[in-house]
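> So the sequence lines, in the order shown, correspond to chains X and V. Heads up: the first sequence runs through residues 151 to 621, numbered per the working numbering. Heads up: the second sequence runs through residues 4 to 561, numbered per the working numbering.
Since the hints were made in silico from the structure, they are not lab data. There's no promise every hint is true.
Once the Cα atoms are required to be at most 25 Å apart in a straight line, the calculated SDA-like pairs of lysine to any residue come out as [to be verified]:
#, chain 1, residue 1, chain 2, residue 2
1, X, K204, V, S91
2, X, K226, V, V107
3, X, K265, V, E77
4, X, K253, V, S29
5, X, K261, V, S29
6, X, K202, X, L361
7, X, K261, V, L111
8, X, K483, X, S470
9, V, K86, X, N216
10, V, K518, V, N556
11, X, K261, V, S91
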Amino acid sequence: MLDYQEFTAKDKSLLIAPAGYGKTHTIAESIKHTEGKQLILTHTHAGVASIKEKLKKSGIESGRYNVETITSFAQKYVFSFCDAALIPSQEDNKSYYPFIINKATQLLQLKPIRKVIICTYNGLFVDEYQDCTVEHHNLILGLSDILTTRLLGDHLQGIFKFGRGSLVDMNNADMMGGFHTNSFALSVPWRWMQGNKELGSDLDIIRKQLLNSAQIDLNSFKSIEKIITSDVYSDKPTYFRISNLLNQEQSLLIIHPDSKNLKKRVQFIQRFNNRCRLIESIDNKDFYSLSRTADTMTSENAVVVVLELCKAVFNKTGISIWFNDRGVKKKTKQTDKLIILPIAALLENLKKTVSFSNVAEILKMIRKLPNITCYRKELLSTLCKALEEAEYNSTSVYDSMVNNRNILRRVGRKIYGTCIGTTLLTKGLEFDTVVVLNANEFDCPKNLYVALSRATKKLIVISSSSTLNPY
Amino acid sequence: MAKIHTLKISNFRSIKDFEQVFGQSSFVCIIGRGDSGKTTILDAISYVLCGSWNLSIYDTDFYDCNVDEPIEIEATLYDLPSKLLQESKFGLYIRGIDMTTGTVHDALEDSHVEALTIRLTVGRDLEPRWCVTNTRQEDIEIRASDRASLNMFFVSDYTDRHFSWSKGSPLYSLLKQDVNASQEYGNPIIDALRDAKSKIDDYSFTQLDSVMSRIQSSAADLGIDIQQANSTIDLKDIYVKEGKVTLHEDNIPFRLKGKGSRRLLSIAIQVEVSKSGGGILLIDEIEQGLEPDRAQHLAKTLMGSDMGQVFITTHSRDVLVELSAGNLFRMSKGAKSLFQFNASLQAVLRANPEAFFAKKVLVCEGETEVGILRAINSHGVTNGKGSASLKGVRFATGKGSTQFSYAEGFLHAGYPVCVFCDSDVQSTKSQKEELAGKGVVVIDCEEGLCIEKQIFKDLPWAGVQELVNAQISIFNGSVVDSIKSRYVTHGELKPNWIEIDDFNLRSATGAAASKNKWYKSISNGEELGHVCCSYLEKIGDKRLKSIFTDLINWIENA
């Protein structure tokens, strides 16, 4: 049992906390042992949402804490104190994020700004510390000069690869400075105590094996449902099993090992008839590129642009049923004519006057057409929102989208229900039931551990082989 | 906490454009002639830091009554309450003060002191708008409760509110600071009021019973039963707020006390409030209603306490001598900023506090000269000319050579300065030339002469007779003896010497007058001056004539 008093009393302390071992709970309990307002930083929006929920459940007054991602915290200071002309465009991910973090690190060294921090916060918690880049780490070190700082994390979950900078090495005593000397650890897999105690202890064994780079033999874990197949779609029993889960489970997460290729996840959604929601990355490039496309709209190319947007969010076969390159197809059936008429009228209007809110209206109407399926609901609804806001605020769709993404980044989002995502997108989340697809494709112990440890009650592992060698 | 570093005012009352850096001064005394805008500055501070949600602005508050140019008052504050520096409040809006240069920057540096700029804008709709402003971001509104945390407090003639326990009053803030009282007992004032109400409820009002029973039977005739009715007080009227509970002494409410006592008590309450968090205290004409010693004591106490920042105005020499020259700022009508006095003027301030209220200063060598100037002044007034006071001239004295350093000090403080001095000490010659080179008007005697010698040299003989006879009438023979001993190189004094206009006799008399200090006091000097003035027309083309005309002209015109 962790001594919260001791953990929170030190100026600098470090807590090794595997997923599901009560890390968020520990943050909530620790806050009760602190005074004043605590700044809680993490990496993902999902993480922000789950910490907020936990703190609320624990009955901690909302004035006692502020939960943010490190990026949004850094952004807040950079936007407030840095000349806007110096900040790279947000679309330029590669230079934007490092700039924000490095600039914020500099700003937080300034005495007047430190004063603001001290006036606002009494202490700092950083969650998911294993995901910190060296740049993040420097920013946190700066804050730890002025705030009592507690770091929480698990080296085995350090899966973020932003493609820039290297991750902090939590095991490196030099790098971790004063934190390493006050190191604590959580050892009880609480997440599974209620729902599936066996799963908890099985995952604890897997954790130890992964830390030792040992081969994982799925057959030795009774609590895990194993499906050995190399093709989910053509193997009928597997397909039906997944189909059943999609129909029955309230809290279900499908994890695909390939985080680079969105198409594979979209394909899954298609093959299972749109019965689960795609978890979008907040900064997925499609959000920005479609906004830019919308911005190119003139009365001449209006129809072309609308169709281009449609092709990105709807099934192409559905679109080709209703539209050709010039616009709405001639329909012979009376019912079809009636359905498509209002859309055709709006498209005609668009040719006269460009109106973003009309584009949003058209997209929403197309979605309701027969044979049309939307595999990227979040992308569609966000795009519609950006279109409407662009018209309302007389800005470009792109600016509205950037604003929308920023707000989401700041307020965080909740992810629940039936979803499909990757380890990167679901880290920190808990689902009752988790299906890990193509488990044999994991080539990194960290990713595999994160995928497996998302489940609280039921874990289904689909793999071409019953032994896993994610090294 | 919270101190004003920089204050900017545009289009407010008598001020068109004004900007003053107070820097790290925590005690600011603004002096200046009447109507120069001192009170306008205090009002501007009280408006921009106003802790209540509303403020009545009238067309007459606009410069030149021109409502098309908005009133803008901007205060840049440092030493801020930490509540305002929070991220969620105005922490992200801070600016940086470079204390070495006294400049405010929006690009923060490590050496900067954090600051917030609050701006009050009033346009032609007369609606006041307060915001926190900088050049990095859009302005953000600052609410009354946040402004109230700056603890600005104006001691004005209408301080009655300060003796009540209403919300927002300083007494109420003290009550809230007193954690024991506010947490354990709720609001004790309201509880006492509830007690009072329940006592009235219990009162039986038996005197009203007969009337009541008549009404009851009459009502019963008409078919309405009011047997249960009784008389008590209507809640609407008994709803007394805590604001109605005020400080009393011997059953007399403090609002009826003398002006001085009210102001002192009001300041005392505010000082108590400021002890925990500091604050900005504004006192217009600090000496008002107070005896000189109490005004002096008050100024001294406020200057010595580190309660926050104090702004006062004063016309009192008694207050002034208590202050350090560095705390003094002079406002002149239409000025774009205040003149801050240099700490090196301390000695001048102690010796000549009155002169600091003047428009121009005439520094005299001693009391004889001051007396002479007083005589010139009353001579001018009786001849229909304006008085020195009307012209804003003060006479200051600097004994011996300090006269020159004082003169330089006043010159440095921005006053037009004239020096009225002797020429009997050789070494001062170069000092006078130096002063004249810096722009001081030097009016002095002929080489080697002091003013007494100059007068006895140049005054028509009848005047000399008048002066000598006046001395004789007081001191008898010793006067003649003294003249005699100084005339001795030229022989014996003739018995009718007083009738003979003689150069040597004049110098002997002048020497005697100087040596025996016939005129070394203001009143004797004034006598001397009166005699000179009465012979002014007859003096002829002599140095004495030019001394007097120069003095008169400088007072009149400089």
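> Taking the hints in turn, state whether each one holds.
Structure-based check of each hint:
Between the alpha carbons of X/K204 and V/S91 the distance comes to roughly 22 Å, so the proposed pair stays at or under 25 Å and holds. Between the alpha carbons of X/K226 and V/V107 the distance comes to roughly 22 Å, so the proposed pair stays at or under 25 Å and holds. Under the criterion of a C-alpha separation no larger than 25 Å, the hint pairing X/K265 with V/E77 is consistent with the structure, at around 23 Å. A hinted pair counts as satisfied when its Cα atoms are at most 25 Å apart, and X/K253 with V/S29 does not qualify at roughly 36 Å.
Note on X/K261 and V/S29: the hinted pairing holds, with a Cα-Cα distance of about 22 Å set against a maximum of 25 Å. Among the hinted pairs, X/K202 with X/L361 is inconsistent with the structure: their alpha-carbon atoms are about 30 Å apart, more than 25 Å. With a C-alpha separation of about 9 Å, the suggested pairing of X/K261 with V/L111 holds against the 25 Å cut-off. Taken as a hint, the X/K483 and X/S470 pair is honoured in the structure, with Cα atoms around 16 Å apart against an allowance of 25 Å.
Distance hint between V/K86 and X/N216 is fulfilled; the C-alpha atoms sit about 16 Å from each other, no more than 25 Å. Taking the CA atoms of V/K518 and V/N556, the gap is near 30 Å; set against the 25 Å cutoff, the hint is violated. Pair hint X/K261 plus V/S91 holds up; C-alpha atoms about 19 Å apart against a cutoff of 25 Å.
When held up to the earlier numbered hints, the structure conflicts with 4, 6, 10 and fits the remainder.
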